[in-house]
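> Residue numbers (my numbering), protein chains in the order written: chain A, 57 to 486; chain B, 125 to 473.
It is worth saying that the hints were derived from the structure and are not from the lab.
Errors might be hidden in some of the hints.
Listed next, the in silico PhoX-like pairs over lysine-lysine satisfying Cα-Cα at most 25 angstroms (straight line) [said to hold, decoys possible]: (1) A:Lys427 with A:Lys394; (2) B:Lys466 with A:Lys72; (3) A:Lys459 with A:Lys378; (4) A:Lys327 with A:Lys427; (5) B:Lys187 with B:Lys153; (6) A:Lys143 with B:Lys153.
Here are the in silico distance ranges between beta carbons for each label pair [as the list claims (entries may be wrong)]: (7) A:His256 with B:Leu461: 42 to 50 angstroms; (8) A:Lys68 with B:Ile292: 34 to 42 angstroms; (9) B:Val291 with A:His227: 52 to 60 angstroms.
Quantities reported herein were computed from a predicted structural model and do not represent experimental measurements.
Just so you know, even glycine gets a beta-carbon here, dropped at the ideal spot from N, CA and C.
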Amino acid sequence: MEHAALTFERVKAGYKDRMVLDDLSFQVREGEFISLIGPNGCGKSTLLKTAAALLRPFEGRVLLFGKDIRSMRPAVRARHIGVVPQKVESPMAFTVGQIVMNGRTATAGFLRGVSDEDYVVIERSMIYTNVLHLKDRYFMELSGGEQQRAILAMVLAQEPRILMLDESIAHLDINHRYEVLRILRRINRENRMTIFLVSHDLALTAEVADRLILMSEGRIVSEGRPEQVLVSEILDRVYDCELQVQRDPVTGSIHVSGMLEDFNGSTKKHKSVHVIAGGGTGIELFRRFSLQGFSITSGVLNAMDSDAEAARALGVDAVLEKPFSAIGEDAFQQAAAKAENADFLVVSDVPFGPGNLVNLRLAKDALKAGKEVWIAEGSTDRDYTEGKQAAAVVEQLLADGAKTWTNLHDLMKELKGGKERQNSKGKSQK
Amino acid sequence: MVLIDVKKYEDTAMRSTAMHGINTISTVKIALFLVAVPLLLFLSLLLGPTRVMLPDLDTPVGKAIMALRFNRLVMGMLVGSALSVSGAVFQAILRNPLAEPYVLGVSGGAGLGATVAILFGAVAAMPLSLPVIAFIAALATLFLVYGIASKGSGGVPSVYSLILSGVIVSAVCSSLIMFFVSMAGVEGLHNVIWWMLGNLQPPPANHRFIAALFIAFGIGGAWMLAPKLNALTLGREMAHYQGINADMVIMSGLFCATLTAATAVSIAGMIGFVGLIVPHVTRAIFGPDHKFLIPLSAVTGGTFLTVCDAFARTVLAPIEVPVGVVTALAGGPFFLLILRRKMKRAWIG
């Protein structure tokens, strides 16, 4: 039976007082191009260090081509697995040629010295990575991309069967990143070298890898072909933020992006929301809504109120009444006009008194007009009107179909969801 | 399956002749070096407090003078090469341009041992005990430093913990030395300071022989490690990935470097500057490959110290200037001149 190139058998590993890899098992077949992804601190680097025997697992075994890595001599191990770390620096003025020669050190030994064969291997590695013309330059004076290729040449000179790269392309320019990836793909295809790429760049990863392994908190969450792993349900959970996964219909390449596109300033048509707030209860609402790209109106607020200030700062279109005055008819009519144009109406956890009670009429009108109205929970506790009039109004509104909200995160989800609203209802409860 | 199928290229007679140049050094430089060193060594034989350039070797006095100078030359070569190689190894392992033979507390420990031995009469009672005590104290300090460092970083000590605990232990030792010196009488004070300034008065022959053995062992060991030291300059992790037992190399390197430094200190006291600067200058001229750097620093350091010693015993004759003073005073400007143009090659990171 042919052995897998790399096998983790129920490996628990980590550092002195902190276990990082939690009962991890997986296999990599020879010739595969694997990409390991996952959020920062999920154990990617620990996995790589364990695979290269830099860390000894507490439990479980790591096998390289069927042999326990702990029973291998270091020089033998280096011919099985080569690692390109994120950044390699030498404080001394070695030339690129001398750096690449380090790849042969373990096999050469002091007595045998460097043979013709070694030189052939060194030259071939440098040709592969396109650094031959740099061989007499000082390594430390090269650009980041050239250094990375020189290190790659050095590791290739070890003639490993598995090549692991620890986010080593993350800080390169896009052109250099693709250059390194092309080299990797070439040695993967032509020499059947197994490539294990730890990466942050989900899209780039999806382009080159045969198989993705997604890690989170020391465990494997998902593995499979890129389109199986890169789905927003899984990624949202692992990265703890909302991500969009798009597939290019022409090239089939997968594109993963955060919510940046929905920020203010984008050309997309956004939903609009009218916020009823006051006394500082609207600040966070304004901020969140503007981050999510809603167009926001608000009112009626009292001038100089902290919400009025926040509205001004965030460019929220707010209707203002004189400071510390009850809301007059003029202002109310203006606000009503704005609320009419909004898609939703949201009531913050603003306290109600005789001065601003009239604002709830906006909510009533909105409901009548068939718009969604969201009211912060617990309005009774904030009701300072005589005879709890506000509470009564809210109760009536809820009976007429207004909804309550408790935290901003869920509220944002609900309002953005559109068609997903039905199924995300359950999700937001978690 | 393997990346490069070597046999395939053998068939097509492909030889990477271009590659052979990547780890050689200029033959012109080596030739110049091989001419300069014997000349300088010969020059040092001509200098001495008697102001006689070439003593008549047929007279017993002339013979004695020459023998004395020759012994000083041997001492200079031994101590200078020991300190330089030790510095080169420490700089590679600790990846620090300020590393020198005394970085792990060898000087502090040896100095403390010697001070105690001199002031408390052990030396007066038995002169041979001074180098032995200094040597043992130096090794004890190394183990102490290493122990503290490895405890601090849990297992194998990190480079930084080694440097840090070395500096701290050295500081404690120097304070103790100063305390003892401040308590000492004039006679003891003079002896301690003279020892600490360093000098190349040859110890007895058997002593010298053992020291030479230790130093040869240390330098040889360091040379054997040379390709691995090259790899180690890329960091311990990278060295490990390349199939090098990095911890083993670090430990044996530290041992070799400390052994040579401690031996040098025990026979010649504390001679500063050589161990720090000679590796840098050698790198600046010949490049950083330790396969060349270690033997070349040994010869450079030895020659440098021998020449300095020749000046030290001549300039103010019959008074002998401590050689440790001459190394920095005369060597400093000279090496600065070399480094000014090639600072980058000495240390780039």
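> Go through the numbered hints given earlier and state which of them the structure violates, listing their numbers in rising order.
2, 3, 5, 6 and 9
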